[in-house]
Amino acid sequence: MVGKRLILAVMLLIIPFGVYAESRIFAELSSFGHLLWDEDEQWDFIGSASGELDIRSQPRAPVQARLQLRATAPITVTAMYQQLVISGDDIDTELEIIGALGAGMIEVPRAHLRFRFPVTDAYSFRVTAGIDRVTWGLGSVLKAGDLLFGPDISGEHTGLAAFDEVRSETAMLFAFYFPVGDMSYTETVVRPRSGEVPDMGFRNHSAFGTVSLESAYLYRGEDAEHVFALSSQGEWLGADIYGGVSYTDDFHSWEDLHEGITLTAGAFRTFRVGFDQSLNIRTEGLYSFADDGRLLLYGDIGYIPGRTVQLFARALVEPADDLETAAGTGISWNIFQGMNIRASAMSGFSTSGPKNFAVSAGAVYSF
Amino acid sequence: MKQIILVLAMMLTVPAAWAMTAQDIIERMEENQTHSTSIMEGRMVISDRFGDRESTYIAHTEGAGRFLVEFTSRYEEGQRILRRDDSLYLYYPDARETIRLQGAALRDSLLGSDVSYEDMTGGRGILDDYDAKLLGEESVGGAQAYMIELNAKTAAVAYPKQIIWVDAEEFVMIKGEQYARSGRLLKVTEVLETMDVDGFRFPSRIRVTDQTRRSQGTLMVVESAQIGVDLPANIFSLEELTW
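So the sequences go chain by chain: A and B. When we follow this note's numbering, the leftmost residue of the first sequence carries the number 1, and every step to the right adds one. When we follow this note's numbering, the leftmost residue of the second sequence carries the number 1, and every step to the right adds one.
Rather than coming from a laboratory, the hints here were simulated on the basis of the structure. Yeah, the Cβ is synthetic: ideal placement off N, Cα and C, and Gly gets one too. Please note that the accuracy of each hint is not assured.
To be verified - Simulated restraints on C-beta separations:
id, chain 1, residue 1, chain 2, residue 2, range
1, B, Ala95, A, Arg24, 12 to 22 Å
2, A, His258, B, Gly63, 44 to 54 Å
3, A, Pro305, B, Arg43, 43 to 53 Å
Stated by the list, open to error - Quick partial rundown of chain A residues pointing at chain B, CB under 7 Å, derived from the structure:
id, residue
4, Phe178
5, Asp182
6, Glu235
7, Gln337
Just chain A, same shape as in the assembly (with noise of 0.2 Å):
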């Protein structure tokens, strides 16, 4: 079923496209097999296979649009292996196999057109309209100037593990952006929510001699909340240095003020290993005065030691609270153009014990 759907839905897609020669056609394939591991000491095998396709306009152009669909089946066939059975001196192995079909799933991570149009003889006003991406603060991970999509990353662990970013949020909105100087702009984003008032706000964003610095205000409708953010970036000894700070509040009561803060600050540095080789390491906390306070730690470290083979480790951990830790590490190898094989581990624990486990292992081609 979800097969023919995502047929008829590239069928309708390449045939208007394909008389545009402007518009480029992207594939991307991967094909992964998963053992998991959870807290009900249950074996999961699984193997999950996904598609994407992403239409573009021609680069550069006054007008550009996007299309971007993603398929996934995401079980092919499980196994379920159950525990080891110890009786007194007989062992035992139950394995259970199942064959299931998963349900498929769509999705349209983008879906925008963006147009400018010319202010005065070299600057342009800038419209984004649709599903896209907006990445506002500086910093990874842990930001908080990012008040569109949350200073963390709370609830997505999941994607620690992956070799894509941590962050890859789109969000359906209208943005306006004027470039004030070169180095220079503000921008301002209606993100609409069914049902509720709609998120609004603004940033500015500049770079001056080794400093970068952004303003940021958004009206969160759904809670009729007011956020103000400040954040920057500069060097020191080799390191790129970032932090941000942001105020949240109702403007209904003028207790607590400081439970509306939120602070982040990171660091970012690459290190030569040997003569060709790289080691990149980033530090980020968060705290928050919500709630008696927060502290979330994120730490990575990739190493590359050719050119094409990469390594990671990433963690994300909460101390206050039981040392929850969701922390990830893996391999990618780029063997030819367009095609990585790629393996990963990643796993969820806290001081009570390990909660989940899992290893994957496939490759994804890009076409």
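Once you have looked at the hints, place chain B on chain A.
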């Protein structure tokens, strides 16, 4: 009589060559390679035992300090690099994110090649970062060349020591060797072809071979070049970087 002729010959020829200092030679070379403005289209081919990976790009430059490169090949389409003086900005269209690189990160490999962001985008002049010493002249591939040793003034450069060979007639670099502090040879740069555009001669086909691993190297090719062209007023801006 023979001695007089020999002395005269030496006075007429040798001083002409040796009158130039290493600084003069490098300045002449950089005049050739630094343009008021330029648009260049090129490709970069990274080779290893699994085959070639090719990326194409279009680069806009203004003087030595401003550089905007946009990758046009399928796998990197829309990725851009903006250099303004000592700051470098990377733009990833999928993430709609601009990442600012400073300090040590400038020496990271570009797309897994033997070329660093700093190598690709230039920026500071050689004499800003290196002390130059003329070692002499020798023939390289049939061309007479000045051999110049460059020793880093600062630790903030990719290579503590380099030796470059500069064509004595064309004032274009034809070979380079990059060394580690220990004296180990890291990379060899060979200029396979040069290009002459409006009186400016510069390398147009360069092979960079990493001597520390079994790679076949990176080939950088300039397919076309326009020099002294009018560029849009704000091309080296965040707005153009992210469009």
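Hints, one by one, checked against the model:
no.: 1; hint: B:Ala95 with A:Arg24: 12 to 22 Å; verdict: holds (19 Å)
no.: 2; hint: A:His258 with B:Gly63: 44 to 54 Å; verdict: holds (50 Å)
no.: 3; hint: A:Pro305 with B:Arg43: 43 to 53 Å; verdict: violated (26 Å)
no.: 4; hint: Phe178; verdict: violated (9 Å)
no.: 5; hint: Asp182; verdict: holds (4 Å)
no.: 6; hint: Glu235; verdict: holds (4 Å)
no.: 7; hint: Gln337; verdict: holds (4 Å)
In summary, the structure is inconsistent with hints 3 and 4 from the numbered list given earlier, while agreeing with the others.
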